[in-house]
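A.B. asks: Given next are the chains, with one letter for each unit.
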Amino acid sequence: MKRFNKIATVPYILVLIILVILPTLFIAGKALIEGDSFSIGNFKTFFGNSNYIRIMVSSLKYALITTLICIVIGYPVAYGLWKIDKTLRYIITLFIMMPMWLNLVARVRAIDALLTSFKVDGNDLSIYIGMVLVFIPFMIMAIATQLDKIDVRLLEASNDLGASKVKTFLRVTLPLSIPGVLSGVVLVLLPSATTVVIPKIIGDGKLTIGNIIEEFAFTNTGFASAIAIAVVAIMIIIMLFISTAEKKYEVGGKDA
Amino acid sequence: MRKNIGWYIVLFIFLTIIYLPIMYITKEAFGNGNVVSTVTGNETLKDAIKVSLVTSIVATIVGVVIATLASLGLTSLRKVQRDAIREVTKLPVTYPDVVTAIGLMALFLLIFGKGNFGYMTLILAHISFTTAYAFIAIYPKAKKIGKEYAEAASDLGATPLQTLFKVIIPNLKGAIIAGSAIAFAMSFDDYIISSLNGGPLENISKYVIKARRPGALKAVYALTTLMFLVVLIGLIIFIVIKITKFNKKEKKA
Chain A
1 MKRFNKIATV PYILVLIILV ILPTLFIAGK ALIEGDSFSI GNFKTFFGNS NYIRIMVSSL
61 KYALITTLIC IVIGYPVAYG LWKIDKTLRY IITLFIMMPM WLNLVARVRA IDALLTSFKV
121 DGNDLSIYIG MVLVFIPFMI MAIATQLDKI DVRLLEASND LGASKVKTFL RVTLPLSIPG
181 VLSGVVLVLL PSATTVVIPK IIGDGKLTIG NIIEEFAFTN TGFASAIAIA VVAIMIIIML
241 FISTAEKKYE VGGKDA
Chain B
1 MRKNIGWYIV LFIFLTIIYL PIMYITKEAF GNGNVVSTVT GNETLKDAIK VSLVTSIVAT
61 IVGVVIATLA SLGLTSLRKV QRDAIREVTK LPVTYPDVVT AIGLMALFLL IFGKGNFGYM
121 TLILAHISFT TAYAFIAIYP KAKKIGKEYA EAASDLGATP LQTLFKVIIP NLKGAIIAGS
181 AIAFAMSFDD YIISSLNGGP LENISKYVIK ARRPGALKAV YALTTLMFLV VLIGLIIFIV
241 IKITKFNKKE KKA
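Chain order of the listed sequences is A and B.
Going letter by letter, the first sequence gives residues 1 to 256 in the working numbering.
Going letter by letter, the second sequence gives residues 1 to 253 in the working numbering.
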């Protein structure tokens with residue numbers, strides 16, 4: 001049995017090595033090796049060009065504002081799901097997730113068609129609407145999962161001790177749900193900063209950093225790889241920042 | 001129900017807003033004439049649907065099989081190895097699509113060469129992430145079953161094969177279905193990984209991105225409507241089955 005178990009893991013380990021680790025090394029290689037010598041020329045080109053830096057910054061701006069809107073709209077929706085009857089909660093949750101089973105590009109086309117019919121097209125507002133509609137289910141699911149973990153007895157205790165509904169929410173529910181908001185931020189922020197499809201269809205020439213990588217993928221793979229590395233580096237910094245924040249709230253939870 | 005009427009209104013408004021685009025497209029598509037024949041009459045689109053379905057189905061099956069085997073086998077590895085595997089699994093899930101896409105392209109260019117991009121490279125590229133998504137859905141459940149049920153079964157004298165087919169697989173069914181659903185959805189949604197690794201092959205995403213002329217857009221709207229109806233009917237059947245099962249359980253209890 002033990003021998004069988006070990007053999008069973010081999011295909012998965014091969015997939016991880018060949019299709020995950022190797023490509024990662026290849027990106028680094030393509031970005032850092034020109035001809036047959038080590039060079040940081042690709043990075044110099046990228047960081048030396050104010051146009052690319054501007055696109056990088058505007059990608060982050062789109063992603064941050066999208067994430068904020070997703071929290072502001074997604075939190076009440078997740079909270080509402082938590083408050084209602086269980087069977088209906090299950091059904092409504094399925095309907096919130098359902099569009100994700102349609103092809104993403106087709107969904108973005110549909111959003112674009114609707115926005116165009118309202119004459120909202122090709123500006124920042126249309127990009128935000130597109131991004132929020134596509135990514136908000138992730139935020140709602142992350143918050144709803146966390147709310148579901150809250151021990152209802154804590155809310156009853158708070159109520160018994162004389163706290164008002166608003167106070168119970170602000171002092172008990174909200175702090176306990178923050179880890180859900182943070183994992184929602186990871187799920188929304190990173191994909192929205194690098195999305196290729198949404199700006200391409202809705203943006204009318206407005207680009208994210210993902211579009212720049214795509215543009216150079218065939219013609220200058222080394223340069224595209226260098227941008228990819230810069231993106232991953234920023235991504236890791238953001239993830240570290242969020243996981244530090246998560247730990248703070250976990251410890252707070254244990255103290256209480 | 002009356003107590004929470006405010007929340008029901010909030011949820012109803014939210015659902016209406018997220019379904020507005022798809023409802024608008026459905027209205028347009030039915031206004032344009034026969035939805036089915038608009039799709040079946042378009043050869044390029046039919047090819048794109050075939051490419052998408054073949055890629056997603058093969059990549060999902062291969063990914064789920066590999067992930068299930070690994071989930072079951074992982075218990076016999078040392079903890080360091082298990083942790084390493086779990087950490088690497090997070091990479092394809094957190095990497096931006098476009099980063100995964102360019103890494104795989106660089107690798108395939110070296111292995112297969114520029115002219116040989118096709119189904120092989122496209123499906124391998126999809127397997128790189130379907131396997132990881134399936135693993136994340138299946139592994140937690142498999143870990144639990146492996147510990148509790150498999151030991152009990154072998155204590156009661158079941159052979160390893162009996163344990164696998166009579167105990168592990170039936171109990172793991174839910175997780176395997178969930179893993180397949182996530183893997184397929186991710187694969188079917190993909191644009192950039194396929195675009196860089198599919199060579200001349202065009203899937204649905206690429207067709208929809210390229211569609212600009214009114215004729216092509218008409219076909220896109222018709223296809224979106226069809227996909228929406230298929231998923232909607234599937235979802236309703238799923239909900240009905242779940243609720244009947246739930247009611248049966250209630251009666252027993």
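Be a bit skeptical, because a hint or two may be false.
[As the list claims (entries may be wrong)] Here are the computed distance ranges between Cβ atoms for each label pair:
| no. | chain 1 | residue 1 | chain 2 | residue 2 | range |
| --- | --- | --- | --- | --- | --- |
| 1 | A | Thr-45 | B | Leu-15 | 46 to 52 Å |
| 2 | A | Lys-61 | B | Leu-161 | 56 to 62 Å |
| 3 | A | Leu-154 | B | Ile-17 | 30 to 36 Å |
| 4 | B | Gly-118 | A | Thr-45 | 28 to 34 Å |
| 5 | B | Thr-244 | A | Leu-154 | 31 to 37 Å |
| 6 | A | Leu-161 | B | Leu-161 | 54 to 60 Å |
| 7 | A | Ile-17 | B | Ile-5 | 41 to 47 Å |
| 8 | A | Tyr-90 | B | Lys-114 | 45 to 51 Å |
| 9 | B | Leu-232 | A | Ser-50 | 44 to 50 Å |
| 10 | B | Phe-238 | A | Val-152 | 37 to 43 Å |
| 11 | B | Lys-143 | A | Leu-64 | 35 to 41 Å |
| 12 | B | Asp-83 | A | Ala-163 | 38 to 44 Å |
| 13 | A | Asp-124 | B | Lys-144 | 45 to 51 Å |
| 14 | B | Gly-118 | A | Phe-47 | 33 to 39 Å |
What the hints contain is simulated information worked out from the structure, not anything from laboratory work.
Here the structure is a predicted model, which is why all the values come from computation and not from measurement.
Using N, Cα and C, we set each Cβ at its ideal position, and we do this for glycine too.
A.B. asks: Now tell me, hint by hint, if it's right for this structure.
C.D. replies: Each hint, compared with the structure:
At roughly 47 Å, the beta-carbon separation of Thr-45(A) and Leu-15(B) lies within the given 46 to 52 Å, and the hint holds. Range check, Lys-61(A) to Leu-161(B): about 57 Å between beta-carbon atoms, so the 56 to 62 Å window is met. In this structure, Leu-154(A) and Ile-17(B) meet the distance hint of 30 to 36 Å, their C-beta atoms being roughly 33 Å apart. Distance hint check: the CB atoms of Gly-118(B) and Thr-45(A) are about 32 Å apart, consistent with the given range 28 to 34 Å.
Between Thr-244(B) and Leu-154(A) the beta carbons are some 35 Å apart, a value that agrees with the proposed interval 31 to 37 Å. Leu-161(A) and Leu-161(B) have their C-beta atoms about 58 Å apart, which keeps the hinted 54 to 60 Å range intact. A hinted range of 41 to 47 Å for the beta carbons of Ile-17(A) and Ile-5(B) is inconsistent with their spacing of about 55 Å. In this structure, Tyr-90(A) and Lys-114(B) meet the distance hint of 45 to 51 Å, their C-beta atoms being roughly 49 Å apart.
Range check, Leu-232(B) to Ser-50(A): Cβ separation about 48 Å, and the 44 to 50 Å hint holds. The supplied range of 37 to 43 Å is broken by Phe-238(B) and Val-152(A), whose beta-carbon atoms lie about 29 Å from each other. In this structure the supplied range 35 to 41 Å holds for Lys-143(B) paired with Leu-64(A), their Cβ-Cβ distance being about 37 Å. For the pair Asp-83(B) and Ala-163(A), the beta carbons lie near 42 Å from each other, so the given range of 38 to 44 Å is met.
Checked against the hint of 45 to 51 Å, the C-beta distance between Asp-124(A) and Lys-144(B) comes to roughly 47 Å, which is consistent with it. Distance hint for Gly-118(B) and Phe-47(A): a CB-CB separation of about 37 Å, consistent with the stated range 33 to 39 Å.
Violated hints, listed in ascending order, are 7 and 10; each of the other numbered hints is respected by the structure.
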